[in-house]
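Here the protein sequences line up with chains Y and X, keeping their order. Take the first sequence: its position 111, counting from 1, is numbered 111 in our numbering, and each next residue is one higher. Just add 1000 to the spot in the second sequence (first one is 1) and you have our numbering.
I should point out that these hints are in silico values taken from the structure, not numbers from a laboratory. Bear in mind that the values here come from a model prediction, so they are computed numbers and not experimental data. Please note that a few of the clues may not be correct.
[What the hints assert, rightly or not] Derived, one-sided and incomplete: chain X residues facing chain Y with beta-carbon distance under 7 Å:
hint, residue
1, S1015
2, N1017
3, L1073
4, T1076
5, C1077
6, V1081
7, E1086
8, L1090
9, K1093
10, N1094
11, R1155
12, G1157
13, A1438
We treat Cβ as the ideally placed atom computed from N, Cα and C, and that holds for glycine.
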Amino acid sequence: MRTKQEYLIRYKDGNLYCELADIWIDPSKPVKKALITHAHFDHFTFGCEEYISTKETAILLKERVGDNIKIKTFEYGEEFKINGINISFHPSGHILGSSQIMFIFAEEKWLISGDFKLQKDETCKQYKIVKTDYLISECTFGLPIFKWDESKKIANDISKWITNSPEKTSLLFCYSLGKAQRLLNEISQTNFKGNIYSHGSIHKMNNCYKKLGIDIKDTIKIENKKKIDELKGSLILLPPSLSKGSYLKNFKNIQTAFASGWMSIRALRKRSGYDKGFPISDHADWDGILEVVKKSEAKNVFFHHGDSESISKYLIEKESINVLFFGK
Amino acid sequence: MSLNNFSKLFVDLDSSNSTNNKIEYLKNYFLSNDPIDNSWAIYLLTGKINKRFISGRYLKNLFSQIYEYPEWLIDTCYLKVGDSAEVITLLLKNKSTSRKKKLSNISLNELLSKTIPDLSKLNEEEKNFKIKNMWETLPEDNHLIFNKILTGTFRVGVSIGIITKSISKLINIDEEIISHRLMGNYEPSIDSYKLLVNKNINLQELNSKPFPFLLANTIEDKIFKHSINDFQFEWKYDGIRMQLIKRSGNVSLWTRGQELVNESFPELVEKMSHIKDDFVLDGELLVWNFKEQIACDFSLLQKRINRKSPSKSIQIKYPIIFIAYDLLEINGRDIREIKLENRRIELEKYFSKWQNRTANNISDIFKICDLIFPKDWPDAFTYKEKSRENNTEGLIIKKKTSIYSSGRKKGIWWKYKVDPMQLDAVLIYAKGGSGRRAGLYTDYSFALWKEKELIKFASAYSGLTNIEIKELDKWIRKNTIEKFGPVRSLKPEMVFEISFEKIQTSKRHKSGIAVRFPRITKWRKDKKINDADSLENAYELMKNIS
């Protein structure tokens, strides 16, 4: 058994770090070399000397933060070497371009799951099962109370929610990258055939997805001075940051909803202040995490992001999996 | 007609903030379901079923046994969710793959009149089997309703007023009639629903039921522009608001919560039945200090509220009185439409008649409220400030020309409450909330100084805004000294202004005092813990009022 310092990948200053390659994974502060699993802002920070990601992640990042960053890109499955360590990206099914990262050194395999989901999502590559010795998995929804419905069912619920209130303007709040495009894709396959508007930040990402060959339904970019009658019975996608404050005063006779995995809990739904919550997530649910742990055939598992205590204890007690802990 | 419809209604009601939508949902439900299911729906939605058939703990243990989930894991989930019934519902979703049986299509009536009550007739093993079977055969959408009814935690944001409005709209009859029909012992049956939606108003059927209560609004400044002579002033007692009804010789005591409480106060029922006239009185029930002629503390009344058929010794130890404010009906004549000042004359007239002519002395259990006659508004203020001396909460101000309508009508009655007492205290413990506040630390304990030590003196849950709750929750997580189960002891740093209505000595508390209705009224970020009040300050408050 090795000490924590001897792990190929460990926690350092709150981030995943591979000392042998001197490379960080989704670091929260500027470093020399950063591997980026996907283009969400909580996985990215400005000021690193060099970024490495998939091609899609790089394009999305540049669209969001500008061209002024140095990014090296690789295809899924393409191996590259840093200080003798073999590194490769593999689809994680979270959003377009999102990846798991595999490290191989001295015949030992370390897999970082990144943010992932197993559910079907036509706007990104399906999660790929990768076998490994060590697995570092996220567990944002690592409790058995989280069990996702099929996204088709949620999309139908959303469609019904809109069409049942034809007099109202339906505002659906969702993350502008990933969730919004997935919802658009799903909603366009339901009975709802009305107009869909999206906020500038979402519209930009939609276009980016289209450029990358993803089939996204056309939406109208929402202008501030839209006539209220025009919006009646239509759907508007907005980022959650606009749910509080004066932005909503631009609309009259609205109903609001939030699309997020957390909305499966009634207390959170009530507290959120939205009229309705649609539980749909781009993270794995409890069963999803367990499935990945099992199918990866990892002998050693680490968890991070979320309630890692519970899922670790469960796997140790019930499945006799060797769960390890990073020192903080 | 299936439970599915009711589950759908629950989801609709639960995810709507609009009263009008809720009324529509209810109306549509009533239109498309059987009278018997409708009747049960009303019964459930008005909170009449609050019996706990199975405890949340029992349910969690049972789930843990059947599906081999460790109990600690279920408990961890509970901390996130805050409701046992919902935790089990969410966990069952994860078990849906193990469901093979054909789904049952049970009606709300069958569930509530048979399936659930029958559980109590079974032994533990049979009961467990039955619950498991229900979990496996009920459609997933019904699990939450089933679990919530089992654990006596069924609640949804629908007031009796919304139900009243929806039925009133459904059959196009005045809300007040519907409200009247919904009062009292509404038992679910086809007949009771048919009676409720009967388009013909039958005076006979209304006979034993109370009138809808008229409620007071918080005082508004504009009242001070009116002449003081336009108003009648009464003390605001802190007891149980009630209607005392005698019709065709039968006495009934109805609380504002629409409960018939004859059994708890038999001595009052007995005494009042000797009066020759029939009547409906609006008033307050109190435990009374006859020697000093003032109300006793509410805590003494609590000793009587939930006790049915109290013994003679309890009756003597906690002597009650009914103080009548108003006369609403006399010998079958509804006088709610005549002016308050004239009703008062009637009330006084009948009271003196009853006192003189009733064989049994009624004055040891019944009186009419004394009126107060402030000469101007500043004088009214002085009376209000003195209200603690006679154990009242302030004044009730009633417009003399008002009729007795129902509900919280504006501009008729006002409550002029004495300002709460306040102390600045230090936050020392926090506990996780439940229900809507699950996953947040929302139950707080506060301490006062006793020399150099902080002594806990009150717990409070309410008063902070949602934003403040979140902010404080963050602070709590960062400043925990120790965890004891769900409770955290905290670094003494935060000072809050705590308001409360009453303060009295208590042997049960380490601080030696107990306060009533403590709540947070201000987060004193401007104060350091050394600025907080001491127990001495609290004792001082007590001295000032007694």
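Evaluated hints:
Interface restraint check: S1015 (chain X) against chain Y, minimum CB-CB distance 5 Å, threshold 7 Å, status holds. Proximity of N1017 (chain X) to chain Y holds as hinted, the smallest CB-CB distance being about 6 Å (cut-off 7 Å). The interface hint given for L1073 (chain X) is met, as the beta carbon of that residue sits about 6 Å from the closest beta carbon of chain Y, less than 7 Å. The interface hint given for T1076 (chain X) holds, since its Cβ lies 5 Å from the closest Cβ of chain Y, which is under the 7 Å cut-off.
Checking C1077 (chain X) against chain Y: minimum C-beta separation of about 5 Å stays under 7 Å; hint holds. With a cut of 7 Å, the hint placing V1081 (chain X) at the interface with chain Y holds, because the nearest CB-to-CB distance is about 6 Å. For the restraint placing E1086 (chain X) at the interface with chain Y, the shortest Cβ-Cβ distance is roughly 6 Å, inside the 7 Å limit, so the hint holds. Look at L1090 (chain X): its Cβ gets to within about 4 Å of chain Y, closer than 7 Å, so that hint holds up.
For the restraint placing K1093 (chain X) at the interface with chain Y, the shortest Cβ-Cβ distance is roughly 4 Å, inside the 7 Å limit, so the hint holds. At its closest, the beta carbon of N1094 (chain X) sits 5 Å from a beta carbon of chain Y; the interface hint therefore holds under the 7 Å criterion. Because the beta carbon of R1155 (chain X) sits about 11 Å from the nearest beta carbon in chain Y, more than 7 Å, this interface hint is broken. Violation of the interface hint for G1157 (chain X) is found here, the shortest Cβ-Cβ separation to chain Y being roughly 9 Å, above the 7 Å cut-off.
Proximity of A1438 (chain X) to chain Y holds as hinted, the smallest CB-CB distance being about 4 Å (cut-off 7 Å).
Going through the hint list in order, the structure does not satisfy hints 11 and 12.
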